[in-house]
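Undergrad: The chain contents come next:
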Amino acid sequence: MTRYIIRRLLQAIPLLFIISVILFVLMQNMGDPLATMGGRTVTKSADRERLARQLGLDKPMYIQYLYWLIGNDWTKADLDGDGVPETPGTRKGVLRGDFGTSLLNRGVPVTKVIGDRLPNTLLLMLTAELVIIVGSMLIGIYSALNQYSTADNVITTATFFLYSLPIFFFALVVMYIFAVNFKRWGLPYLPTVGMFDPQVGKTPAQVAWHMVLPVATLSFVYFAAYSRYIRSTMLEAMGKDYIRTAKAKGLPRPEIVYIHGLKNAALPIVTVVALDLPFLLGGALVTERIFAWPGTGRLFLDHLARNDTAVVMGLLMMVAVAVVLFQIIADVLYAWLDPRIRYK
Amino acid sequence: METTAEKPNGIVQLALDELETPPLSLGQLTWRRFRRHRMAIFGGVSLILIFLYSFGGALFISEAEANFTDTGNRLQAPSREHPMGTDTIGRDIMARTIYGGQISILIGITAMIVEVLLGVTIGSMAGFFGGKLDSLLMRMTEAIIVIPQIFLLLVMAKFFGGSVPNITILGRTFSGSVVIIIVIIGITSWPYLARIVRAEFLSLKENEFVLAARATGTSKREIIFRHILPNSMAPIIVAATLGVANAIAAEAYISFLGLGVRPPTATWGNMMESAYNYVESAWWLWLFPGFLISMTVLSINFLGDGLRDALDPHSRAA
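In order, the protein sequence lines correspond to chains W and H.
Counting in numbering that gives the first Met the number 0, the first sequence runs from 0 upward without gaps.
Counting in numbering that gives the first Met the number 0, the second sequence runs from 0 upward without gaps.
It should be emphasised that the hints constitute simulated quantities derived from the structure, not laboratory data.
We treat Cβ as the ideally placed atom computed from N, Cα and C, and that holds for glycine.
Keep in mind that the hints are not guaranteed to be accurate.
Below, computed lysine to any residue pairings styled on SDA-like, alpha-carbon distance capped at 20 Å [claimed, not checked]:
id	chain 1	residue 1	chain 2	residue 2
1	W	K91	W	V107
2	H	K157	W	A334
3	H	K131	W	I12
4	H	K157	W	Q27
5	H	K204	H	A233
Where chain H lies over chain W, by a calculated footprint (3+ residues, C-beta under 8 Å) [to be verified]:
id	stretch
6	15-24
7	113-119
8	135-146
9	170-177
10	211-221
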């Protein structure tokens, strides 16, 4: 097992390398970072050249990638433009944990820019994931136990409807009903913008109240995929011989369903959750945009719009590393939970 | 006339017209199974209605009307004159949903074609030739899957975006960004299809009929295109159908986030761009295009689900 994990980790290195090269190339044509630098207008061409030199943008792309990857503190940069490199570089490179500094927030390290937003996204996304898992478990198990009943058919159709609904449309509809119309009817209405009411402050109650709509949006759309999945794994497990044995032994029904059935049906679900978790890091772009949630998704959109490549690149690499790691975790977890599976 | 002949070995031979029902062709069998899938029929019918709406509607309303701005008449609620109201610069929303629908459907279908071309080529090459080529192509596939599609789409929209000249086809002017959106949706969505095709090829190429074809000296090209590919059509057709729905949704997402198709060309997606600023004041801005996107995606998904059951009854997906 240890050897399997080590092999998978080693395999991840070239994969991440390919990803970083692809992304780095894609970053190059995003637009002129100097033109949008933090709102400051760099008009004089001499200033532009100096800045480009400072940021290393005058170098060819492979040198820029090299600097991004391993830093430039081992070499000297030519800042005054006389052709003689004199200033030692300061960047340490991604491999040593330095993702560069944000252009938009001048000089703030990318890791700090992302780190400031990450807790907000994790709070939103983990809550949503929890709601998704609990909700779809209930739905999936209920429909599996009452297969082809009216309730099952209604649930299956309804989840299919939700599954096809674009997230932004669902968000707008719930916003219109629960925020706009509830307000109009004089009912307690849900807030739609931000994490808390600035007049009240960032209290846990405020944050929870502001989370209702975004979490509902995120989870309702995913109920479909998950509950359909749980329904099918549960149906499969309930058709197994050991369930018949359990029934023949006269075990109480809850024990059959939850101990014998669900425990086995939950195995594939664990891996699905593990595979989906890293995608939460990137945040829900659309949901965070609509509900003005200050998370990484909105960070990505804002900094992409202003060509802040360092932050965009950092976010994407963070998601990529997380996805690759969680793929390994999912496989290992699956083998650990199911002794029938052996990796070599 | 004797039609039933007793053969020496005792097997009764039936003449064709004596069979109770004539044998069904593959197409008929598929249609029978498909017909039983009520949701798929519903999906098919509503898709036809949506097609009629956006292509038939063009007979009554001209594109100039869809792009006609009348700032004195902005954000009008639905009325007799504007059945779906007007948008932020006074354009008629109904006319724009008609022409936007055409572009959205066009993007969905052409992006799917790009996806299928890439996915089938890469998947079949990886599956058929195996070895180094396979591992190289699969690393590439993995690299693209690892980044969530929406992130990749936005970065690419930015990469290829900028100022693209308008193009004129059949007397109509399209924003050049339509082509870019088609290409980027195509090149970000092929990996899943490539994996399916690769798996099909891996299992099919071990079959006896491929061995027989090899033994009779059939060329590799013939084996791929005449023997293996036709046998893996079912999952490809299903994936392609669902691919149209994904492409329409993807266009809507990037347009919604403001990096999609540029004006003046309308799509259902870019009609909703910044509509969330008007949730309170102008519900008609987002309700109609949003509803059309949802219905289209839903119908295509139902259709794909029905096709899966009909074409490939053994592989019921979870």
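Undergrad: At a Cβ distance under 8 Å, does chain H reach at least three residues of the stretch 135-146 of chain W?
TA: As far as the stretch 135-146 of chain W goes, the hint is violated, because 0 residues have Cβ atoms under 8 Å from chain H.
Undergrad: Given the hinted pair H:K204 and H:A233, is their alpha-carbon gap at most 20 Å?
TA: holds (16 Å)
Undergrad: Can the restraint linking H:K157 and W:Q27 be considered satisfied, given a maximum Cα separation of 20 Å?
TA: Holds - the C-alpha atoms of W:Q27 and H:K157 are around 10 Å apart, at most 20 Å.
Undergrad: Taking beta carbons only, do three or more residues of the stretch 211-221 of chain W come closer than 8 Å to chain H?
TA: violated (count 0)
Undergrad: CA of W:K91 to CA of W:V107, is that 20 Å or under?
TA: holds (15 Å)
Undergrad: Mind checking the alpha carbons of H:K157 and W:A334 for me, to see if they're no more than 20 Å apart?
TA: With a Cα-Cα distance of about 41 Å, the restraint between H:K157 and W:A334 is violated, given a limit of 20 Å.
Undergrad: Do three or more residues from the stretch 170-177 of chain W put their C-beta atoms closer than 8 Å to C-beta atoms of chain H?
TA: holds (count 5)
Undergrad: Test coverage of the stretch 113-119 of chain W by chain H using CB-CB distances below 8 Å; three residues minimum.
TA: With 0 residues close enough to chain H, the hint is violated.
Undergrad: According to a criterion of three or more residues whose C-beta lies within less than 8 Å of a C-beta of chain H, is the stretch 15-24 of chain W covered?
TA: Since three or more residues must qualify, the claim that chain H covers the stretch 15-24 of chain W holds, with 4 doing so at under 8 Å.
Undergrad: Just to be careful, I want the Cα atoms of H:K131 and W:I12 compared with a cutoff of 20 Å; is the pair within it?
TA: holds (18 Å)
The structure shown violates the earlier hints numbered 2, 7, 8, 10.
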